[in-house]
Amino acid sequence: MEKIENKPIAIQLKGITKTFGNVSANKDVTMDVRRGEILAVLGENGSGKTTLMNMIAGIYYPDEGQIFVNGEEAVIRSPQDAFRHGIGMIHQHFKLVDVFTAAQNIVLGVREKGRYKLKDANERVFEIAEKYGFHIDPEKKVYEMSVSEKQTVEIVKVLYRGADILILDEPTAVLTPQETEKLFDVLRRMRDDGKSIIIITHKLNEVLEISDRVAVLRKGEYVGTVETAETNELALTEMMVGKKVSLNIERTEPENSCDRLFVAHLNCRDREGVKKLDDVTFTARAGEILGIAGIAGSGQRELLEAIAGLQHLESGEITYIDPESGEEVNLRDKTPMQIRELGVRLSFVPEDRLGMGLVGNMDIVDNMMLRSYGKGKSIFLDRKDPKKLAENIIESLEVVTPGLHTPVRRLSGGNVQKVLVGREIASTPTVLMAAYPVRGLDINSSYTIYNLLTKQKENGVAVIFVGEDLDVLIELCDRILVIGSGRVAGILDGRTAKKEEIGLLMTGSRENTGAAAENEAEENLEENIPDGKGGAHE
Amino acid sequence: MNNEAVKVKSVREPLFHVVKRTEIVWWKAWLIRAAAIVAALVATGLLSFIVLKKSPFFVYSSIFSGIFGSSRRILMFLRSTAILLLISLAVTPAFKMRFWNTGAEGQVLVGAFASVFCMYYLGGKVPDGILIPIMFVVSLAAGAVWAGIPAVFRAKWKTNETLFTLMMNYIAIQLVLYTIKIWRPTGTGKLEALPYGNLPQIAGGDFWLSVIVAVIVTALVYVYLKYSKQGYEISVVGESENTARYIGIDVKKVIIRTLLISGALCGLAGFMLAAGIDHTVSDETVGGMGFTAILVSWLAKFDPIAMVFVSALVTFLQQGTGQLMTDCGIANSFFSDIVIGIMFFFIIGCEFFITYKLKFRKSDKKEKDK
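For the record, the sequence lines run as chains A and B. Under my numbering, the first residue of the first sequence carries the number 1, and numbering increases by one thereafter. Under my numbering, the first residue of the second sequence carries the number 1, and numbering increases by one thereafter.
Hints are not guaranteed to be accurate.
To give an idea of the chain A side of the interface with chain B (calculated C-beta under 10 Å), a few residues [as the list claims (entries may be wrong)]: (1) Y143; (2) F262; (3) T335; (4) P336; (5) Q338; (6) V344; (7) M356; (8) G357; (9) G374.
Covered stretches of chain A, going by a simulated chain B footprint (3 or more residues, C-beta under 8 Å) [claimed, not checked]: (10) 359-371; (11) 379-385.
I should point out that these hints are in silico values taken from the structure, not numbers from a laboratory. Backbone N, C-alpha and C fix where the C-beta goes; we use that ideal spot for every residue, glycine too.
All chains, full assembly: derive it from the sequences and hints.
The structure is reproduced here in structure tokens:
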């Protein structure tokens, strides 16, 4: 294979600087991307990866510095300009029209001469898919697609517009291990076709697997680029963080473990009547971390919300065992307020931090009293204790904030999460549920959270942890419950479980049993439709 | 592809970029606002020169004399400001909860109507000392009911509150017109001022009582929203219903309770209008203030203290341009509407420069010198 240094340069950045107010997101960044390579841009949260890429893609305009595309200076003021230079970006949050088909989304906004023919578009989409090994049905509507399929549409959309340089922002965050593998195969094929791929990520194992070179950013500054073959996880982390860090989770043996929460035969449906939980049964034990693994949207959210009293159940029982009296308390169909009044100390770190766990526009103090504001008989608020709590959390968890009265939405993702987790732990829970607590967090913050969870477990709390990184689940949890299509696919011992085993359970139930069951149900439905209506359908 | 690349090369860096400010010192923000008002005055002057052929200074002095020309005009200005402020404060708790209450007009009107209803049937039969408290209670209750009905529908069945509250306005107007038709079947179709249940006058006029009530309500609403538990619940529900559910706030209860309070305050404004100022009611009693109040509440960003200044500004413009029209001998209000439009354009427009700043391109020469 040709050496990377000999490949022609596709994009060159010279002295790129971008500031937002007083914060400089990028400072004097000079780097290059070559043709036919996969370059990973690595950095902690807030290190300016996405901002830098947004400047190449025309979302932002640099305050200073120049961008050269194929050796010529380029002025990129809009995504349209970027496309003219053959640059396309696939954002973390997909930008698709739900009610359109794949092909309609792909041709949307493309200005072409001649008449608009969807048939031709379908064909061209098909060609592109063939070439790189995508699986895509041009006529499928976006709302019927899985996350991975939507991502495929986004990538094809960029290729359709003739992009030679593709930027992917955290593409694997929402994918299963198997889907990630497929994506990587496609990316490799594109690279071999001479395209430049830039992938933004903070997952080290993926960086090592897919990339040819790694460019590292730290606090907006460019640290350096290394060849992937010549580096390893520790060296990269050191470049990223700027100091040596240990990446080990200390898993202690559970002590005085006893049953704390029984969940039996839970069933529930969402508003559209789709089954979200299907006969879920498990036990959460005090002094233990129970991990929940599964593809995003397999019922994890509904399960935690059901326990927290936010989800209506069709059937099933949730029973809490009081640690002091040993009495059984029924939690089914109780509101969060009623659960608290029963003396159940249940803490919940929801997936949607700013949309559910915290109020983005309120400051840290006001967010601290979300759970406790109602205490006491006074009609007025008491901000003294919440203020103390806020100061405590800022100090003990090293929250970076301009002050106590900064709206939490202005904090970075990691700090938002520290505020939320800190508040939930402060109420000395007996059951602590956390949904994707490290999503979007950098390595340092992630390990802070893992250690906090472990500490809670050591204090005798029953911890339920919904995670997406299987390596972490295996390292952190005592037991791992695998959920697929709302069903418990298996409960494994965290100390002996294998990643592949979990991956298979995650998808297995969906592709075999789940899909089969759905087909059956559909067939039954069709049979049950009276003749008149069935005819009208055709 | 190549052709296009050449074309792109000729595209120059844009003249300026719009950059979001992270923070702005308070005096800079007020400097921008002051500059906006000066710019608005200049624009008004220019326009009046072109349209009315009058010197800008005639226009300014005419507008000012509309407010400060006599002590009576000053008092009128204070009273109108107070009533507008009252209604603005009334709609604010609902808006803070992101409940789009467009029905203040109707809620104030039924409040006024309820007062007059009591005056009409009880006037002369019970002494004013008893009649006035009854009117007070009935007015507040009427306003609360008028706001409560859409709130219940929204909480229970998720109906659209914007349309619902808007339509309640027309019901209120028709209710008033219908009742007056029954009371006064012949004649002008207007109800004359009733001599019963009139609020006491302070310092020989009906001006100061409205001002006092407005000051008290401003303080109450400020404290309620900022320091009470219920005010906190309103903020949480407004920011995110999911968060409210998550911590166990009964969202339906908060919606209905807040709208009852909001409606009752509108009813209070109606009571002040009917019992304190007009002593009668018609479909013109509120005169669009229910809608202007929405604007005031928004411009003040739901801050009761800022609302004092905004309602004063709005009243100032309305009363001042009214005087200008009289001085010019123009019967219709086209020019005063234009002037008010210009003012708002500048005042609302300047918020853009408070949130964003422009960053200009560095001159090409400098680049070449490098």
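**Report entry** Hint check against the structure, violated hint numbers in rising order
**Finding:** When the structure is compared with the hints, numbers 1, 2 and 6 turn out to be violated.
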